[in-house]
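**Student:** Single-letter residue listing:
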Amino acid sequence: MRDGQVVKGVRFRDHVVMGDIMDLAARYREEGADELVFYDITASPDGRSVDRRWINRVAEVLDIPFCVAGGIRSIADAEEVLNFGADKISINSPALARPDLIGELAQRFGTQCVVVGIDSREEDDGYRVYQYTGDPDKTKHSGRLTGDWVREVQERGAGEIVLNCMNQDGVRQGYDLPQLRQVREQCTIPLIASGGAGEMTHFADVFRAARVDGALAASVFHTAAINIAELKQYLRGQGVEIRE
Amino acid sequence: MNPADIALIDGGGANIASLQFALARLGRTGVLTTDHDIIRAAQHVILPGVGAARDAMERLERAGLVDIIPTLSQPVLGICLGLQLLFDASEEDQARCLGILPGTATLFDATPELTVPHMGWNRVYQARASGLLEGVADGAHFYFVHSYALPVGEFTIGRCDYGREFSAVVERDNFVATQFHPERSGTNGARLLANFLAR
Chain A
1 MRDGQVVKGV
11 RFRDHVVMGD
21 IMDLAARYRE
31 EGADELVFYD
41 ITASPDGRSV
51 DRRWINRVAE
61 VLDIPFCVAG
71 GIRSIADAEE
81 VLNFGADKIS
91 INSPALARPD
101 LIGELAQRFG
111 TQCVVVGIDS
121 REEDDGYRVY
131 QYTGDPDKTK
141 HSGRLTGDWV
151 REVQERGAGE
161 IVLNCMNQDG
171 VRQGYDLPQL
181 RQVREQCTIP
191 LIASGGAGEM
201 THFADVFRAA
211 RVDGALAASV
221 FHTAAINIAE
231 LKQYLRGQGV
241 EIRE
Chain B
245 MNPADIALID
255 GGGANIASLQ
265 FALARLGRTG
275 VLTTDHDIIR
285 AAQHVILPGV
295 GAARDAMERL
305 ERAGLVDIIP
315 TLSQPVLGIC
325 LGLQLLFDAS
335 EEDQARCLGI
345 LPGTATLFDA
355 TPELTVPHMG
365 WNRVYQARAS
375 GLLEGVADGA
385 HFYFVHSYAL
395 PVGEFTIGRC
405 DYGREFSAVV
415 ERDNFVATQF
425 HPERSGTNGA
435 RLLANFLAR
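Respectively, the protein sequence lines represent chains A and B.
Note that the numbering used here has the first sequence beginning at 1, numbered continuously upward.
Note that the numbering used here has the second sequence beginning at 245, numbered continuously upward.
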């Protein structure tokens, strides 16, 4: 989400408008998506919060769970998002800026609705966490190793981790299986793979090879390159347990 | 107060909007309340629950509802924590609950294969026939978000397996409850809510 519209970039840059949020939400629900995630990518770099009225409209039409990310920096922010009807909140840059936020949110709302998004990229010395990835000019290295941060957010009460593998994002070459496998070993809470899906086989690969609990994708669904109903049919045929 | 309305017992949890929207899609209205008269007069009562067991029980106690809820005679639906509150107790903070159903909610053991909370879609198998599950396929998927669960017992009508078997749907007289969130369980969840509201 940027300025009220659904956008998608390539490696977190050059975003193009993909469509109206309500149309896409309804379409994905019809196709059989198990959960939707809405990111306001402009919220954190601008130092402002997301305009949250659309959450209420989305909650009105959706009968599947959905998560909202973007500019949630406080209990009050989270409360507003949840009261508007979101099931989960996802925090990324604000958690890096103030890690205590994870525990505060978990204490107040329960670990089950606190998702921590981690933008991670491979460097010479291993996987590292990036922040403010919504805006290429403000994106910066957080100074943390991905493995350390994965352990810390779990200890602080995160209920789920979405790992955005930045090297793979929007390039449709497949999920970052080595990185996801490594994080899976350190992760006792649900782990969602994000970044890199281009073909149906990529989804089967990530469930089999990295044992993730969910696979998130954007471009391939927004462009209708992959239909969710057909994808789920395919995955069932591949022996992946998935909702009918 | 229109007595046709649904009383949603206000346990202080966030995220009541999704439940209210689900009821609205079925053409009904839920009123969030702790008012004893409204709750007693409502055609249907729903006990939603998000949060921790002891905290929720303390809120019900402060609202004077702990003695009222077990005496309700209209159809009552507990959802998620609302299911656990209908039982004797929960291991979570050693909370004493409403005691309408026998049993104690216990924590899932996290393993590398099974993460806790149990969060996501899982299959519900019907333990015995109930109008609540009419039109819902045996083994249909529902959306769960919880860390504690009740064992399968005498009043279980739907069971689920997550490392161990637990009660996904229970029924005792006018009290029914689901461990999953029907308001977030797509078409199957809407059917279950409609079945409840048709009672």
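Be a bit skeptical, because a hint or two may be false.
[As the list claims (entries may be wrong)] Derived pair list, reagent style SDA-like, types lysine to any residue, alpha-carbon separation capped at 25 Å: (1) A:Lys140 / A:Arg156; (2) A:Lys232 / B:Glu357; (3) A:Lys232 / B:Tyr369; (4) A:Lys232 / B:Pro314; (5) A:Lys232 / B:Asp254; (6) A:Lys138 / A:Ser74; (7) A:Lys232 / B:Glu305; (8) A:Lys232 / B:Ile313; (9) A:Lys232 / B:Ala285; (10) A:Lys138 / A:Arg181; (11) A:Lys232 / B:Thr359; (12) A:Lys232 / B:Asn366; (13) A:Lys232 / B:Asp382; (14) A:Lys232 / A:Ser219; (15) A:Lys232 / B:Ala307; (16) A:Lys232 / A:Asp23; (17) A:Lys232 / B:Asp405; (18) A:Lys232 / B:Arg435; (19) A:Lys232 / A:Ile75; (20) A:Lys232 / B:Thr431; (21) A:Lys232 / B:Ala434; (22) A:Lys140 / A:Pro99; (23) A:Lys232 / B:Arg367; (24) A:Lys138 / A:Glu155; (25) A:Lys232 / A:Arg211.
Calculated from the structure, these hints are not laboratory results.
Quick caveat, the model's predicted, so the values are computed rather than measured.
**Student:** If a hint holds in the structure, say so; if it does not, say that too.
**Tutor:** Here is how each hint holds up against the structure:
Taken as a hint, the lysine 140 of chain A and arginine 156 of chain A pair is honoured in the structure, with Cα atoms around 23 Å apart against an allowance of 25 Å. Distance hint between lysine 232 of chain A and glutamate 357 of chain B is fulfilled; the C-alpha atoms sit about 22 Å from each other, no more than 25 Å. With a C-alpha separation of about 21 Å, the suggested pairing of lysine 232 of chain A with tyrosine 369 of chain B holds against the 25 Å cut-off. For the proposed pair lysine 232 of chain A and proline 314 of chain B, the alpha carbon gap of about 43 Å is over 25 Å, so the pair is violated.
At roughly 38 Å between alpha-carbon atoms, lysine 232 of chain A and aspartate 254 of chain B are farther apart than 25 Å, so this suggested pair is violated. Taken as a hint, the lysine 138 of chain A and serine 74 of chain A pair is honoured in the structure, with Cα atoms around 22 Å apart against an allowance of 25 Å. For the suggested pair lysine 232 of chain A and glutamate 305 of chain B, the alpha carbons sit about 46 Å apart, so the restraint of at most 25 Å is broken. For the given pair, lysine 232 of chain A sits about 42 Å from isoleucine 313 of chain B by alpha-carbon distance, which is inconsistent with the 25 Å threshold.
As the CA atoms of lysine 232 of chain A and alanine 285 of chain B are separated by approximately 45 Å, the hinted pair breaks the 25 Å bound. As the CA atoms of lysine 138 of chain A and arginine 181 of chain A are separated by approximately 29 Å, the hinted pair breaks the 25 Å bound. Restraint check for lysine 232 of chain A and threonine 359 of chain B: satisfied, since their Cα atoms lie roughly 23 Å apart, inside the 25 Å limit. Straight-line distance between C-alpha atoms of lysine 232 of chain A and asparagine 366 of chain B comes to about 15 Å, which keeps the hinted pair within the 25 Å bound.
Restraint check for lysine 232 of chain A and aspartate 382 of chain B: satisfied, since their Cα atoms lie roughly 20 Å apart, inside the 25 Å limit. Under the criterion of a C-alpha separation no larger than 25 Å, the hint pairing lysine 232 of chain A with serine 219 of chain A is consistent with the structure, at around 17 Å. Between lysine 232 of chain A and alanine 307 of chain B the CA atoms are separated by roughly 46 Å; this puts the pair beyond 25 Å, and the hint is violated. About 21 Å separates the Cα atoms of lysine 232 of chain A and aspartate 23 of chain A, which keeps this hinted pair within 25 Å; it holds.
Simply put, lysine 232 of chain A and aspartate 405 of chain B have alpha-carbon atoms about 22 Å apart, close enough for the 25 Å limit, and the pair holds. Distance restraint check for lysine 232 of chain A and arginine 435 of chain B: the Cα-Cα separation of roughly 22 Å lies within the 25 Å cut-off, and the hinted pair is therefore satisfied. Among the hinted pairs, lysine 232 of chain A with isoleucine 75 of chain A is inconsistent with the structure: their alpha-carbon atoms are about 36 Å apart, more than 25 Å. Between the alpha carbons of lysine 232 of chain A and threonine 431 of chain B the distance comes to roughly 17 Å, so the proposed pair stays at or under 25 Å and holds.
The hinted pair formed by lysine 232 of chain A and alanine 434 of chain B meets the criterion: a straight-line CA distance of about 22 Å does not exceed 25 Å. Restraint check for lysine 140 of chain A and proline 99 of chain A: satisfied, since their Cα atoms lie roughly 17 Å apart, inside the 25 Å limit. Restraint check for lysine 232 of chain A and arginine 367 of chain B: satisfied, since their Cα atoms lie roughly 16 Å apart, inside the 25 Å limit. Our distance criterion of 25 Å between C-alpha atoms is broken by lysine 138 of chain A and glutamate 155 of chain A, whose separation comes to about 28 Å.
Restraint check: the Cα-Cα separation between lysine 232 of chain A and arginine 211 of chain A comes to about 17 Å, which is no more than 25 Å; the hinted pair holds.
Violated hints, in rising order: 4, 5, 7, 8, 9, 10, 15, 19 and 24; the structure is consistent with all others.
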